[in-house]
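Protein chains: 2
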Amino acid sequence: MNLRDYLAVQQRLVDAELDRLTPPETTHPATIHRAMRYSLFAGGKRIRPVLCLEAARTVAGEAEGAVTAACALELIHTYSLIHDDLPALDNDDYRRGKLTNHKVFGDAMAILAGDALLTLAFQVLAELAAPAERKARLVAELATASGTVGGMIGGQVADLEGEGKPPDAALLESIHRAKTGALLRASLRMGAIFAGATEAEYAALSRYGEHVGLAFQIVDDILDVEESSEALGKTAGKDAAQHKITFPAVYGLPASKTMAEAECVSAHAVLAPFGARATRLHELADLIVRRKS
Amino acid sequence: MNLRDYLAVQQRLVDAELDRLTPPETTHPATIHRAMRYSLFAGGKRIRPVLCLEAARTVAGEAEGAVTAACALELIHTYSLIHDDLPALDNDDYRRGKLTNHKVFGDAMAILAGDALLTLAFQVLAELAAPAERKARLVAELATASGTVGGMIGGQVADLEGEGKPPDAALLESIHRAKTGALLRASLRMGAIFAGATEAEYAALSRYGEHVGLAFQIVDDILDVEESSEALGKTAGKDAAQHKITFPAVYGLPASKTMAEAECVSAHAVLAPFGARATRLHELADLIVRRKS
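Protein chains in written order, with this note's numbering: chain A, 1 to 293; chain B, 1001 to 1293.
A hint or two may mislead.
[Said to hold, decoys possible] Here are the simulated lysine-lysine pairs, DSSO-like style, with alpha carbons at most 30 Å apart:
(1) Lys1103(B) x Lys238(A)
(2) Lys103(A) x Lys1165(B)
(3) Lys1045(B) x Lys1257(B)
[Unchecked claim] Far from chain B, some chain A residues (derived; all Cβ distances over 12 Å):
(4) Ala126
(5) Ser229
(6) Lys238
These aren't lab readings, by the way, just hints derived from the structure by calculation. Note that beta-carbon positions come from the ideal geometry of N, C-alpha and C, so glycine has one too.
If we strip away everything but chain A, and leave its shape as in the complex, we get:
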């Protein structure tokens, strides 16, 4: 199967499971379930769940049942987008080409819908059909990657506080490792944990996750400069307008592109021990660096 068809199959698998895990719009109180589903099914690329599923396959040869754990990552990612877009934070009106959650449902419901998706992520993991020891590790992994110390929330805070500061390479990398890198790395780690990886397999997939995570963010920064809002489905050029610390701001565009490629090369290298089992992970690393939105 070519990569494009493979991705379409994975995305359908993830979408069907997200639909099963999220209360229907008819369940009381209906408004919040509508708000949760609005953002969950707004056309996300499901990068984190796909990485999780593929990590499980790379370890175990198949990913039976891993899609449920993979969906917990998408629930967390979606909650973070909803809260990030709020007027008090990034104040964005569009996301993936659609009005943001608070523009449709109001700020109060957007805050609660984010809280609900965050809560549901952990419920889903706790109720997985998997050995309890693995469920507890999955919850700990996801919570740590989403938290304040080296995790997503910590990165968001450092990013907010970095606005307007002089471009600084060390600060930039620490923000991005936390803000997007931690959850991307957790995607690989959770697939590994679910599939019962050895310590060596877990370590290799973690390093792969760190490299694609950093590449992902460098490319995001580049796209924000180079692409139109229409192509991105969100407001382009916001980083510069908000005086955010970005890779292009610190290193310039050409060096940023070289760095993204270098992270991609490293990602390939750390997959060596898996041989042909990691073919899709190799393809996914290339895709993350070459994407246009």
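Go by the hints and put chain B onto chain A.
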């Protein structure tokens, strides 16, 4: 030990554990840890953790280690207060006699601090020193009680949507069972799960939790009418001002007081199988109904 001294001991135990579990103010990024700690240590009565600890003691005779699980309840409770107080929701300036989180740290940081406390609650449970099977059950219990279907967030949504609607007894009870009742019942259940309760013990403690939970909310509604803002440490009379559906609005004050007493009587009754082991739970039920703030 009399009840007052007992409570002081429990509160110190909980406060010390919350302090251990929450990153220090010096940990990067410092602002969010300051914001989290500001609300965590704003003088809360620790009712949920104390109920959890006492449920564990009632089952197992002691509560060694249960304080960590008990703190997860306080982390959830505190996050819900921070988000509830936001301008987009209840827009409250004072809580427990102090400025609310967003008044001190701004809306963005208050949203993120709430998210962080919510996330930390599940991390704490996943990393407990307890059998993995119990940890997974604790995560599932807390997530369900905090969620949208019969849980805290669902109750908040129903409460927001109920503002200005005609007083309706069925709607009132469903809001309160979800909004405050679910987390109070979870406090008892989590103590029971941690201590390895039998199904019968778990069921009895659940019913006790439902009765004290409803009593707690009826009393809250009564205090909002009868007490001053100074006595409550938060704005009194807000329910009427916001046209909330409350017990006094539906039943009047005298009937509301009788109902709170009746819930208290039921709470005592369901503890019968535990005999003298449940002495503190009996005292706590009385305290919840007779409190003045």
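Outcome of the hint check:
1. Lys1103(B) x Lys238(A): Since the Cα atoms of Lys1103(B) and Lys238(A) sit roughly 27 Å apart, the hinted pair holds (cutoff 30 Å).
2. Lys103(A) x Lys1165(B): Holds: Lys103(A) and Lys1165(B) sit about 25 Å apart, inside 30 Å.
3. Lys1045(B) x Lys1257(B): With a Cα-Cα distance of about 22 Å, the restraint between Lys1045(B) and Lys1257(B) holds, given a limit of 30 Å.
4. Ala126: The claim is violated: Ala126(A) sits with its nearest Cβ about 4 Å from chain B, within 12 Å.
5. Ser229: About 23 Å separates Ser229(A) from the closest Cβ of chain B, which puts it past 12 Å; holds.
6. Lys238: 16 Å, holds
Checked against the numbered hints above, the structure violates only hint 4.
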